[in-house]
Amino acid sequence: MNFRDYLRDHIVTLDGGMGTLLQAQGLQPGERPERWNLTKPQAITAIHRAYFEAGSNVVCTNTFGANSLHFPDDELETIVAAAVANAKAARELARTDAPKYIALDIGPSGKLLKPLGDLDFEDAVRVFAKTVALGIKYGVDLVVVETMNDSYETKAALLAVKENSDLPVIVTNAYGEDGKLMTGATPEAMVALLEGMGVDALGANCSLGPKQLRGVAHRLLQAASVPVVLKPNAGLPKAIDGKTVFDVTAQQFADEVAALVTDGVRVIGGCCGTTPEYIRALTQKTAVLTPVPVRPKSITAVSSYTHAVVFGERPILIGERINPTGKKRFKQALLENDMDYILSEGVSQQEKGVHILDVNVGLPDIDEVRMLSDAVRELQTVLDLPLQVDTSDTVAMEAALRRYNGKAMINSVNGKEDSMHAIFPLVKKYGGVVVALTLDENGIPDTADGRVAIAENILRVAHEYGIDKKDIVFDTLALTICADTGAAVETLAALKRIKYELGCHTSLGVSNVSFGLPNRDAINAAFFALALENGLSAAIMNPFSADMMRTYYAYKALKGLDENCEDYISAADSFADAPTPTTVVAPKGAATYGSDLQHAIVKGLKDRAAELTRARLANMAPLDIVNDDIIPALNVVGKGFESKTVYLPQLLMSAEAAKSAFEVIKMAMVGASTDAVKTPFVLATVRGDIHDIGKNIVKLLMENYGFAVVDLGKDVAPQAIVDAVVAHRAPLVGLSALMTTTVPAMEETIHLLREQAPWCKIIVGGAVLTQDYADKIGADRYAKDAMECVRQAQAMLEEK
Amino acid sequence: MILTKTYDEPPVCEKEIRRFAACKSADGETAALLDACLREALPVLTYRVCYGEFPMRTDGDACDFGAFRVHSKQLARNLAGCKGVVLYAATVGVELDRLIARYGRLSPAKALLLQAIGAERIEALCDVFCADIAAERRIGTRPRFSPGYGDLPLETQTDIFAVLQPYKHIGLTLSDSLLMSPTKSVTAFVGLGGEQKPTTTPCGDCNKADCAFRGVL
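Chains as they are written, first to last, in the working numbering: chain B, 691 to 1490; chain G, 100 to 316.
Because the hints were derived from the structure by calculation, they are not lab data. One thing to keep in mind: the hints can contain errors.
To be verified - Example chain B residues on the side facing chain G (calculated, C-beta under 7 angstroms, incomplete): (1) T873; (2) I930; (3) D931; (4) V935; (5) T1335.
What the hints assert, rightly or not - Cβ-Cβ distance ranges computed for the label pairs, FRET-style: (6) G/K182 <-> B/L759: 55 to 65 angstroms; (7) G/R156 <-> B/G932: 52 to 62 angstroms; (8) B/T1335 <-> G/L102: 19 to 29 angstroms; (9) G/G239 <-> B/V982: 18 to 28 angstroms.
Stated by the list, open to error - Some but not every residue of chain B turned toward chain G, in silico, with C-beta under 8 angstroms: (10) L802; (11) T973; (12) I1383.
On a predicted model such as this, the values are computed, not experimentally measured, just so you know. All C-beta atoms in this analysis are idealised placements derived from N, C-alpha and C, irrespective of residue type, glycine included.
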């Protein structure tokens, strides 16, 4: 019987600990246990055999750390070959009748993935893929990915398995006492991610004992539609008289795990500290139990790297602001590759309370494949909301879904054959909840009947691809009532039928309904309320519309979805009528720093600086505001910093206030070609270095002083820096390094710059650098802090 | 065998945070921003340590811990007379790095203060852990000594990570350029027993004369 069939109707017992047993047999600290497959094959085979004879149905090969980061390729192959051979030998020797399977064991790489660590996602996929390919070559029955404590790395490993084999795959994660992975994912988020990608069973292993993992096990059982796995430690390790002992005995372990089998756990085993004795006690206990059938859950959920957002519990808000349609400033940001602007649009919507962010960065003149992937990656660096990837370019869609850390929302598929055959394979491979538009080759039907018929066809084709209806959310298309006054009625009728007759969740781009009408928010908000009452699950909307937010909070309160009206009460202030603009009163102390705007900048008051700049634009030319207020204020602070009367945090707060004033001016001048006069300044933290606080500080100040900063980020390869300098014909470049270990990369970058961009002057900075060091590696200037970088840059330009 | 410990939040020293942020005194606005940063950061920090006890022998400049050897005159001096060491890795977790990344893009002032909070927090965690080890063993301990201090090469991190496997225990990883992620983390040797020299400065044996923080505390 193959493993999938066996899993369907049985309680499956995996093996117990390996590392702790090897340590007892003399494995030294720091020694790689995988080498024992070659040097002590009998010892490994004996352990596997003991597990089979204790009742395990599956043993995991001794390959936890067998990957190409730890071993050269040829050694890796001999290790995996020997590991599989050892397990097979044990299977031959074991005297039991139960079915016996061999699983290729894959543990974490030991690296943290970018952006927080230095391992690229695709490199991680390649690392795991090598081990998977070897496992298949030498003949395993299934793959077990285990002890993963990061959702992104888990995704990389699972993708490597799915792309290289059809073998069954089990994934277990290491949850902490807070019920989360080290990098923050909840059990529900992991279920969404793993089931979306087609895992055969999922669960928890290591880190804690069975008692402490009870809560996690129950949460997994609530959420999962596949069998749940539990492989706990023998409690927690304690040092007693210089010896390490685990605090749960074999019998206690068996009792506690068996209780969870009664609750529905279907795959069991042990991790650190467990031995064949534990597995024997466990199988004796579970032999008499009947496997609890795995119940499919109709949960529609998307996830980020921290949490899942579940449809149906309450209305979901999907922020629509990351989209260039009709937004000049946003288009400009895309054309200038101004990622910070895009990120700030994301963060401000999160602060308004949206649950998911739509991400659309399509413009005719940009490389959407790259831009969409970059935007998704950068947004996932600064915020933890699930994202809705929104593009009509399927190549860009796939690139973004592949890199996405979690289970994304996909916008969109429709009833056209081409669309379904392009999008459904992506949903199947990467997971996701897809928005399905009820239109097809014949356009948008006028009637609700026509739209429901398309929805039914979409469900049928999705089913052929193995996609469940829970992963499809229908958009019945809001059309403007300006063109057809019956449009909204049909949209709502279709919405209601899809929700209640087909049993699917729904979503609408609400604001289309009012296109062409004055005071659109009034119509949008009323339509939003009607749609919610007709079964709308999620709205793609503008969270800065007070009318929309009022409707959302009022609806929740009225429908009993807001306990004690707490959400309504705490949000009520934020959507109160905006105060009518009044003349701005100069605050106290304004005299000290000249104008009120100068004061706001000097004191680092961001919102106030923006507000005052907006007021000034009514009767002042933008450039006059820059020259009369912003620059003088920056000079006050800059000189204060240099004479040590102003400290760094204050300098930065002022710089941020100036930036917010500049942003207002930029918004007012969109389209005017003001950037032509700015000097490009390429800025990067060098390869191998992931520290970027100092680099970001330099960026902020350089921008304030009128440089067009091309920020390449951190851990940037020398050639990438040179390429940017050449592309922008930049006269200046700033390089940052914090550690002695990364200064060589800085030196290499300088050499390359001298060869390929000899016109470019180089300023270096960072914690380990000194003037001597800068001279030694051939930089033009050394700046000890960000202010000095500005001064040096200005001085070098003057020299030129 | 490697053990782990998780601690409650050690007391926060704002003065120390300001020192790390190069901000001797804070005006109203800076103080308010620091408050905001603390409110955001403290709830997401974790205080985790993994550690093991190893035998040790010094042989001239070489220190032999059984599992590996390192050459460092200053570490050998620090551990002189010790019978063993506790080798540990500590971290305040990855969430702070997320906050720093977020504000690095949106508000460098906040990023600066958050990184100063992280520096103060990880030092506070090390203080608590080292005091705990001394109390548990009822033995004097030597000041903690980390790779990169004095002449102890940063490459020692590779050995420490092989032995402690902090990725598995506390989620701490080492990059190819020997930087740790999460960034607010420390690895160190703590000598057990040995000569108890009273230290007159917080800098111990460190001979980095041009350090901006030398002698300040």
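Please name the hints from earlier in the document that this structure breaks, with their numbers sorted from lowest to highest. 2, 3, 4, 5, 6, 7, 8, 9, 11
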